[in-house]
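Colleague: All chains should be modelled from the sequences, with the hints used to inform the complete structure.
Take a look at the letters that make up each chain.
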Amino acid sequence: MVIMKNAFGKNLIREIRNTITRFLSIMVIVAIGVAFFGGIRATCPDMKLTADKYLDENKMADIRILSSLGFTDEDVAKIKKIKGVSDVVPGYTFDALAVSRDEEKPVKVHSIAISAQGSGKSVSEVNKPVLVEGNLPENEDECITEKGYLNDEGINIGDYIELKTQNGSKKFKITGVVNSPMYINTFERGNNSLGSGKSAAFFQIGEKSAAELSIPEIPGMDRYAVYTELSVIIDEAKEKNTFMDEYKDVVEPVKSEIQELSKNEYSNSWYVFDMFDNESVYGYMNDADRIGAVGEVFPLIFFFVAALVCLTSMTRMVEEHRTQMGVLKALGYGKLSIISQYFLYAFTASIAGSIIGAPIGFRLFPTVIFNAYRVMYNLPAVVTPFNMSLAITSTLVAVISTTAAAVMACIKELTSAPAELMRPRAPKAGKRIFLERIGFIWRRMSFTKKVTARNIFRYKKRFLMTVIGIAGCTGLLVTGFGLKDSILSITDIQFNDIYVYNLIGYLKQPVTGEEADLFKAELDRNSYIEKLMLLFQQSISVGKSGSNSKQSNVYITVPEDNKDLKKFIKLRMNDSDIDLPDDGVVITQKLSKMLDVKKGEYIDITLGDKTVQCKVRDITEHYVWHYIYMSKQYYNQIFNMPVKFNGFASITNTASQGQEEELSKELMKNSNINSLNFTTNISDNFRKSMRSLDSVIFVLILSAAALAFVVMYNLTNINITERIRELATIKVLGFYDKELASYIYRENIILSLIGTAAGLILGIFLHKYVIATTETDIVMFGRNINSVSFIYSAILTLIFAGTVNVFMYGRFTRINMVESLKSAE
Amino acid sequence: MGRFIEFNDVRKIYKSGEVEIKAVDGVTFSVDKGEFVVIAGPSGAGKTTVLNILGGMDFASSGSIIVDGNEISKYTARQLTTYRRYDIGFVFQFYNLVQNLTAIENVELAAQICKNPLDPEQVLEQVGLKHRRNNFPAQLSGGEQQRVAIARALAKNPKLLLCDEPTGALDYNTGKSVLKLLHDTCRSMGMTVIVITHNLAIAPMADKVIRIKNGKVESITINENPVPVERIEW
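Line by line, the protein sequences give chains A and B. If you read the first sequence in the working numbering, its first letter stands for residue 435, the second for the next number, and so on. If you read the second sequence in the working numbering, its first letter stands for residue 18, the second for the next number, and so on.
Keep in mind the hints are simulated off the structure, nothing from the lab. Bear in mind that the values here come from a model prediction, so they are computed numbers and not experimental data. Mixed in with the good hints there might be a few duds.
Stated by the list, open to error - The following label-pair restraints were derived from C-beta to C-beta distances:
id, chain 1, residue 1, chain 2, residue 2, range
1, A, R451, B, N216, 52 to 58 Å
2, B, S236, A, I845, 54 to 60 Å
3, B, G185, A, I1249, 20 to 26 Å
4, B, P245, A, I845, 50 to 56 Å
5, B, R28, A, V761, 43 to 49 Å
6, A, K846, B, N242, 46 to 52 Å
7, B, G185, A, R451, 55 to 61 Å
8, A, V761, B, N242, 45 to 51 Å
What the hints assert, rightly or not - Quick list of in silico lysine to aspartate or glutamate cross-link-like pairs, EDC-like style, CA-CA up to 20 Å:
id, chain 1, residue 1, chain 2, residue 2
9, B, K132, A, E1173
10, A, K604, A, E651
11, A, K515, A, E691
12, B, K39, A, E1253
13, A, K942, A, D529
14, A, K883, B, E122
15, A, K1004, A, D1016
16, A, K1004, A, E994
17, B, K225, B, E37
18, A, K1078, A, E1173
19, A, K689, A, E713
20, B, K32, A, E1173
21, A, K517, A, D683
22, A, K883, A, E691
23, B, K132, A, D1171
All residues carry an ideal CB built from backbone N, CA and C; glycine is no exception.
Modeller: Written out as structure tokens, the structure is:
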């Protein structure tokens, strides 16, 4: 590569063409690194963007207000006046039983504006259904529902169902199948006060029918002018991304004002919800954030290894050009102009790699990952915009690391005098290695084995790079498999081990004393119920005493009997059981981490409008959601009133879903029971949500493979080209191709083994780190990695590395002895 | 005929696009067992190509080569490897020792793959380097390295010793001693030795001198009375 003053471009192209494999290998690894980095990091924002678009397009309400007292047009007008409110749409939401072919299922019903009404009501649309099949209802005798319901019931569009409430019943013809922005989750429909306590599906019917079914007929009241729900659309909310702070900034003030209004004029009887009180939306956001957390760490490992590979390639390249560089120096070319050629080479390769990698990554990774989540969410295909800032960041990192490697390799050579450069590099003196001192081993080794041993320890840079590259690959695999282990294991531990109860229920009215005994007796009559315990459970917010930050996804649990608690919920830490104290509380593990609270420290609990201080006596092992366990004695002490029980936990002997449903139906007949939840249900949902991480892990594993392959390919390549004379000599001596190959491969294999071993250890640390960052607020992942995972990771790594050996076998047969032995270098 | 080596009308043609390069353009010669042959000629004449073909490192484009009754020109790549393994000892201009092995180990490396190797220690002593057996090539002078290379070639107990410009990188005196070593080996072991050089001055030490120019044999001279190398000056 001779530098001619005005022919930089021509030289570069020629050099690239001559060393096309090297150029391509740098380009490919940069492309992979950038694709991975950009793609994974783009997934979380893309997921949020996709959902935001869907919610905006279908006019999901920013705020929902519910009231058991109902709303009137007057109320609507008052809220419309609040600053920031663009529209208020009144409607109805209620629980009903859907009857089809003699089967009754609890469902959630929402009203929908039917056009030809002429009633003077506003026909602005909100929470618009997305039509999948058929038509929207055109009159009050028609309804729409979701595909799942039709499938479960075995009915079709055109069939009739009946909706029953305590205010009456009505038959509807199903005219269409829809999805709704209110239920982006495919399987969770929320609790229901009827039937089994869990909504099976949602329906939408005309406003008049909705009023008739949900509002009781009271003389003197026009039930068509009373509503159960108001949907509020906020002015600037649509342009804002729902999942970013800018949205919260616009919604919070309006929400507060509405809450003020409720407090001042309506005796606090309104329930004010925002988008994140919607279970589907909240769950989706958590899932997206989890991906975001993974995207923080993993791509960096790739870049690190990519930089290493570039360094070795460029170092090799500079060594090959040694003589030439000496000549140029001798001719009087300055260091800068010599370095610039290598800089340009690396720059071109990395820019080309980035340009190819970024768009591929931005398309590929979000799509693959999102598709895994489509099992759980009814959303249109993911939006994958070209994320300019990510593209720039990743390109910058890629280009800088590649060119820095090139320049560093260059500078090192250029410090030598020209004459020295033009002489062949003095071969590194052979040295004795430690192993030689162990006489009886050394003597037994054949010469090729001795050369292998010496080579491994002699070429330290190469040793390090192979070991690090392979360790990186194994580490990634261990982390990937380990993630799966940690995440899946908690479902089992939490729902089968820690929660001994398998049914939890909530009451409409809290009970105490005699009422409580009666209630229990009634439930006990059911043969499925084996053990029963009343409890008080409520959502609270908690903060460390003295600090301002508060956690609000926390539940306080006060059991009926302290000693009985362990029969239903295990409190323990490091395998030793914890008893519920009467002078303090027990808090769950993740909560203690988040609040940074240790045993013996104090926390402030806000229940309703009361805030009290408690002492933390113990911390219990717990994985999902946050709880504070308190004895009723302590409750009495700090709240200055006795506790009233609003729920119960039960151990049942139901053996199938059918039996669980049977039990639910029976129990729901009790007028005080509001909802029921079997832990099998909760754990199933949770497991489904965790399963989508599978595809993410698959992607990680694939990338680890790509990594191992590129690293080994590169290093074997360099190994061969650097030692071509040695190899040719041995070939001349009469070594068969197989013997030649094993000469190099033996080193590869040993280095791979060392790298794999190092990687297994690296994986443990990496796994710990990723677990800590990927956990969302409500979950604490297990910290374990199954032994099998280590074995899989090791085997896979060796397979990947070994494939390269097979791939490159041809190189040995093709060594041209004559050519290789010519040069003095 | 019973000739040890027969090189018959051998051609080696390189094609580069439209251009044909005739590296060896019809070379014919023969060598007897135990002969010390010098192949001389200017740079680019084709001497190395002849040696490479003879040594089984390259294929001839046409012609036949018979070594000890075997037509090696018909050999497959694997057969050539076997040929090189057992029958050939090669000495290069730039020694090509394995840097990571000591002198004795370099010799043992070659010995271990042969059927009837000579004792590496003995051979190393024969070339006068017993006291340097545990040194790495980087710790040896050029002449010492070349002698190790010769020991390596000899330890294989080959039928034929091929030397490509063995003294090219050495000074005058060292070069002479290396040539003497080669000649002594030739006589004492009855080994056929072929040496390539561009230095015509050493021609008198050979039994046979083959002059090659432009890929063709210019002349073949037989020296009835070869001159001992100590007495040659250049």
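Colleague: Let me make sure I understand: some of the numbered hints might not hold for this structure. Which ones are they, in numerical order?
Modeller: Of the numbered hints given earlier, those the structure breaks are 1, 5, 6, 7, 17, 18, 20, 22, listed in rising order.
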